[in-house]
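Participant: Read top to bottom, the protein sequences are chains W and F. Once you know that position 233 of the first sequence is 233 in this note's numbering, the rest is easy, because the numbers rise by one and skip nothing. If you want this note's numbering, it's the 1-based position in the second sequence plus 342.
In case anyone wonders, no lab produced these hints; they're calculated from the structure.
Using 16 Å as the maximum straight-line C-alpha spacing, the simulated EDC-like pairs for lysine to aspartate or glutamate come out as follows: (1) Lys2(W) with Glu529(F); (2) Lys578(F) with Glu424(F); (3) Lys54(W) with Glu43(W); (4) Lys391(F) with Asp178(W); (5) Lys578(F) with Glu423(F); (6) Lys199(W) with Asp178(W); (7) Lys391(F) with Asp193(W).
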Amino acid sequence: MKHRTFFWFFLPSAAAMFLFIALPIVSVLMQSVFAPHQQVVREVENCSVFGCTKTTTVDLAATAALREAEPLGRFVGGSIYTDRNHLAFSEVAVLASTADGISTFLDGLLNLPFYGALLFTLTYTLVVTPLSILLGFVVALAVNAVPRFLRGPMIFVSLLPMIITPLVGALILFWMVDARGVLGALIQSLAGDPNLSVKASTPLMWAMLMVYGIWSSAPFAFVVYYAGLQTVPQDTLESAMIDGASRWERIRYVIVPHLLPLTTFMALIKIMDNFRVFEPIVSFNASAHAQSLSYFIYSDLGGETRLLSSAAATSVLTILGVVVLLSPVLVRTWKTYGRGAA
Amino acid sequence: MTTRIADRRPPALLIALNGFLVVWLVIAAFPFLWTFWGSFKVEGDFFSKADWMNAITGPLTTAETGSSFTATGYVGAWVQEEFWRAALNSAIVVVSVVCISLTFGTLGGYALARSSYRYAFWLLLVALVFRAMPPVTLVSGYLLPFFEWNLWGHLPTAIIVLVAINQPFTLWMLTSFFRNIPKDLDESAMVDGCSRFQAFRYVIIPVMWPGVITTGLFSFLLAYNDFAVTAMLLSKENQTMIPKIASFLGTTQTKGNVMFAVSSVVSVTAPLFVLVMFFQRQIVSGLTAGAVKG
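Kindly generate the complete structure, drawing on both the sequences and the hints.
Facilitator: Printed below as a string of structure tokens:
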């Protein structure tokens, strides 16, 4: 295709992505190095017969004018990145010098909001991704073993947890594990503690969030593996049998190698999706126990005072995290396709 | 189709697999059935301290309303809390997002699939990075400019933002789809004197619908399920369904009207069920399209 034709065909899509993805990244970068203006304070001297007192008042008009003139705020460089709510350099330095062991250091580190959110996000991604892929694989094997006419309805049911709106799916689960809900009652009777509440316990809350994550992302792995199982070369399987391969050996040497490329693809998609975990924390009202990077940004943006600079700094750090996570894939894609495409 | 020898399994393995499958199906479907059933009860039954069986039999519902099923949750949400307005907004947003992103996506995807230059590859790689970014990071970039230019709070703003966030995925899917349509088709049209656009219009468009429908389904799901963008960029009167449900939790849980949220959750789920029922095949093929080739 000629350059000129390509340009016109690609223009609408490129314009949308440039204006609403590329420029916002620039905007986030800008905002993260500016802080809101402080209020303009004037010192007024009140004199009376008893002498003079100095009082300070906020000059509202001047503050508004300043904010109007420079909506971005004042330039503060990298100080937002290093403050307590983000990378917290000085707090970490204090911790490093005072902590008497690696565990106290880590405890202190994870009490800092950014590191806490980072830890939850990474734990969630690293736990949910492999477990959901594994669950999906077993479900695919099981569905593949039932008679053909039953498979349609089973695929329908299995797709539901994935297709459901994340916020809504998490809410449904949250209501069920409520101390007055059916799963909550079950957990209480299993633990033998009638006052046990998932809402009140940090480890239980983390576990529930991850259970939700596995529940909602296993169907994707199931569908991909199920489709993969349909294309397993039957001839290879049969010749392996003739050669005396056991059932386990057939799985190990024929089916698994066939499904391996699918696993890489799925792991990539799932890591991207799990890294942005956000809605379940809103639904579970879990912010006291677990915060993810996305939720951290969301809570800065919402509320009465919109902490735009703080949210922007977290966003930049999150985007860097995404790039780091993706870098092996990007390098691999570049190596495989990049040279061939030219 | 007869069972192949290679498909035969020992009975013990079959029992284990089928048992596992039953457990999985219950895990996948039970939460929906439970919530659907419970949405016709009063709060005291759906959240019962005394006995979880109350959510099924509904003694308090019978005592309060005279029948074991009640639609008060639905009436409260749809009429009193004006959930219908949110549903209407959702419909506008979803239909516009699907139409616009498919239009942009087919043009762009076709161009990427037919271009043999290196920049097409780079564009796809950039799109992959864009696809990986959490939408909420972009939202923090929108807020300040949108406030400044008075764009905040309107439906068209949310629509165009969702279209843009949707583009990377749409481009990837449609590019791989267009690559499967033989080049000879449009090239022979061009040999016959068509311009590139005419070839696209008269030769490609008639054969592209299966891929477009599949991609459209995923655009639909993205727009319908979105919370981060619609919650932060829409004003209260323009809210779509998902942020509206989230706002129920903030305001009505204290009033004891959590049943509004339960009934609206069921209302939001219903269209998704219908969608999966009708388009199961397309959804499955769409999910696997990227994987089987990648």
